[in-house]
Amino acid sequence: MKQEELALKNKGWHQFSWIVSVGCLMAGLILSGCGKKEENTGNYPNGEVKVYNWGEYIDEDLIGQFEEEYGIKVIYDTFTTNEEMFPKLQADTSMYDVVCPSDYMIEKMIQNDMVQPVDKSKIENYKNIGTAYLKKMEEFDPGNQYAVPYTWGTVGILYNTSMVHETVDSWDILWDDAYENEIIMQDSVRDAFMVALKRLGYSCNTTQEEQLEEAMLSLRDQKRLVKAYAIDEVRDKMIDEAAALGVIYSGEYLYCKEENPNLAYAVPKEGSNIWFDGWVITKDAQNVENAHKWLDFLCSAQAAYKNFEYITYATPNLAAQEMIEEEYRKDPGIFADEETINRCEVYRFLGDDMDNTYYEYWKKVK
Amino acid sequence: MSKTKRLLAGPYLLWMIAFIIIPLVMIAIYGFTDKTGAFTWENVIAMVRPEHLKALWLSLKLAFLCTLVCLLLAYPLALILKAGGVKKGSFVVMIFILPMWMNFLLRTYAWLNLLDDGGILCTLLENLGIARFSIVGTNTAIVLGMVYNFLPFMVLPLYNVMCKIDDNVINAAKDLGANGFQVFWRVILPLSFPGIVSGITMVFVPSMTTFVISDLLGARKIMLIGNIIEQEFSTAANWNLGSGLSMVLMIFILISMAALNHYDKTGEGTSF
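So the sequence lines, in the order shown, correspond to chains A and B. For the first sequence, position 348 (counting from the first letter as 1) is numbered 347 according to numbering that gives the first Met the number 0, and the numbering increases by one without interruption. For the second sequence, position 114 (counting from the first letter as 1) is numbered 113 according to numbering that gives the first Met the number 0, and the numbering increases by one without interruption.
Treat the hints as calculated values from the structure; they're not laboratory data. Here the structure is a predicted model, which is why all the values come from computation and not from measurement. Some hints here could point you the wrong way.
What the simulated footprint calls covered on chain B by chain A, stretch by stretch (three residues with Cβ under 8 Å from a Cβ of chain A suffice, anywhere in the stretch; the number is not a length) [stated by the list, open to error]: (1) 115-124; (2) 216-229; (3) 232-241.
Listed next, with one range per pair, are the computed distances between beta-carbon atoms [unchecked claim]: (4) B:Asn112 - A:Asp171: 50 to 56 Å; (5) B:Gly117 - A:Asp171: 25 to 31 Å; (6) B:Asn112 - A:Lys121: 52 to 58 Å; (7) A:Tyr75 - B:Asp33: 35 to 41 Å; (8) A:Asp239 - B:Leu97: 46 to 52 Å; (9) A:Asp60 - B:Phe63: 39 to 45 Å.
Computed, partial: chain A to chain B, Cβ under 7 Å [unchecked claim]: (10) Asp186; (11) Arg189; (12) Tyr201; (13) Arg223; (14) Ala227; (15) Glu232; (16) Ala241; (17) Tyr358; (18) Lys363.
Backbone N, C-alpha and C define an ideal beta-carbon position, used for all residues, glycine too.
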């Protein structure tokens, strides 16, 4: 999942999670005080697994279910951004057994030798994962050696059908004078540049400065039409009808549509970004066996379906997709069709220097 | 005795070392090194890059505007408060400070709700038949937000200094035949000068470096130098450049404060 979305999701739950964690702490103290601790370890004959995931990115019932079924204790921690997770694991990868970063971060972790190959023979349910997704993931994880996909989606245009009366099928509409002050752009470097680069027919992973320069100039030119640059607020502003068009992640679309039925989502014909969040097993994981069991459990149709119901992000699990209501499953906004996937590109990790160059150009836009 | 006195200063000294000196040294270390840790001037010189200069210039302009508006609003108020006597005055001052009891961020969010499209002001005007408008995302909105947030910092020093002006001095001037304007120009204004200087620094510095107000009320379309520095730390993860730019900004502010304090020879109104 994109870091910004998560930051947003976390906001509302921040207080709640505090209360929960304080509550858990107290409950834990009381339990251990009563000498139930020994009994607890007795419940988990197969040891433990340390999981590091995005906040609010799992149906928490599943954790209990896994503990019960497998007799493995789950130590569950969450992070808010890929960038927050990375240095923690870099310091000591044995801190966690399984982690769920995004595509480009998985690539960065592979390059930094922080993950180990997944033994797919130990993951019986791996067969549930759609091969089309795996093929796409090979762009950053050749041979699908390291990552097991968890969720995926696209970046596209969310628009209000009562305000936009033409077909939305091109990024060009975000440069159309008719929508002056009706456009909300993503305020993150890679996403904003992806829009401009794709519109110009370039790769969103370009490292050529001329192309970046051209994209920068076009974004600067677009600025006069832009109402706001936003991350979390795109969804609220679109629901409030404060703007006609907004660039957004497909994961937010279902929520927006349910709040405001006028909203529709399109992935432009020039192509866009397709993103994956996937599980990786850390290099120095202490519970490799259990980590595989955790992955096997999450790849089961039932668990993946439950997760979709809860977090509403598209699942790459075909068996779970079959359980999802047709209305959602057939909605190309939630589950992009194959043709759409084919014109989308995954973000690659471009190296620290290139990241910096992108950011310098972004400053010039503003 | 002097030893005990020094001991008493201990807690503050510790505080100062831990939270002022050490962070400043760290900023300097980051500012003068690159990612590999080698010495470089680059982060400091980066201030002259066009995109940074543009942001600096805009910050200066908006901070100047904000300070001017605050001064024009606060000075007459301080005069009126002085004329009204201490009892009435302190009540009005309390009302002025009242919003400061609330969190700064919340107050700025409130302004966002006031000014935004579909916000209170917008809806009101729409219902009155006046065209729908939104000033969020413009310099005006940012200056409005800054004036609202920083006005008390101008009112307080001015009110303080006004109260200190002896009525007898004013009466004497009047007895000697000065008219109202002369009393103001030759007596009140020079005597209130330290308050003006102090108010200006206290408004100018935070409005020069703000990034929250410009972020919220500028719809992220307007980058002030504070935003540039903040994003170097948060999104760009380039602490070295962020530190280098902050150092230049700090020096810039120090110079402007020194220049202002030059006029405040008595040092009465200074708050630093």
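To see whether the hints hold, each was checked on the structure:
1. 115-124: Check passed, 3 qualifying residues.
2. 216-229: holds (count 6)
3. 232-241: With 4 residues in contact (Cβ-Cβ under 8 Å with chain A), the coverage given for the segment 232-241 of chain B holds.
4. B:Asn112 - A:Asp171: 50 to 56 Å: violated (34 Å)
5. B:Gly117 - A:Asp171: 25 to 31 Å: holds (27 Å)
6. B:Asn112 - A:Lys121: 52 to 58 Å: Because 53 Å falls inside the window, the suggested range holds.
7. A:Tyr75 - B:Asp33: 35 to 41 Å: holds (38 Å)
8. A:Asp239 - B:Leu97: 46 to 52 Å: violated (30 Å)
9. A:Asp60 - B:Phe63: 39 to 45 Å: Given about 58 Å between the Cβ atoms, the range is violated.
10. Asp186: holds (5 Å)
11. Arg189: It is violated, given that the least Cβ distance between Arg189 of chain A and chain B is near 10 Å, above 7 Å.
12. Tyr201: Interface hint status for Tyr201 of chain A: violated (22 Å vs cutoff 7 Å).
13. Arg223: violated (10 Å)
14. Ala227: holds (4 Å)
15. Glu232: violated (9 Å)
16. Ala241: holds (5 Å)
17. Tyr358: With Cβ-Cβ at 4 Å, under 7 Å, it holds.
18. Lys363: Constraint on Lys363 of chain A satisfied, holds at 5 Å.
The structure fails to meet hints 4, 8, 9, 11, 12, 13, 15 from the earlier list, while all remaining hints are met.
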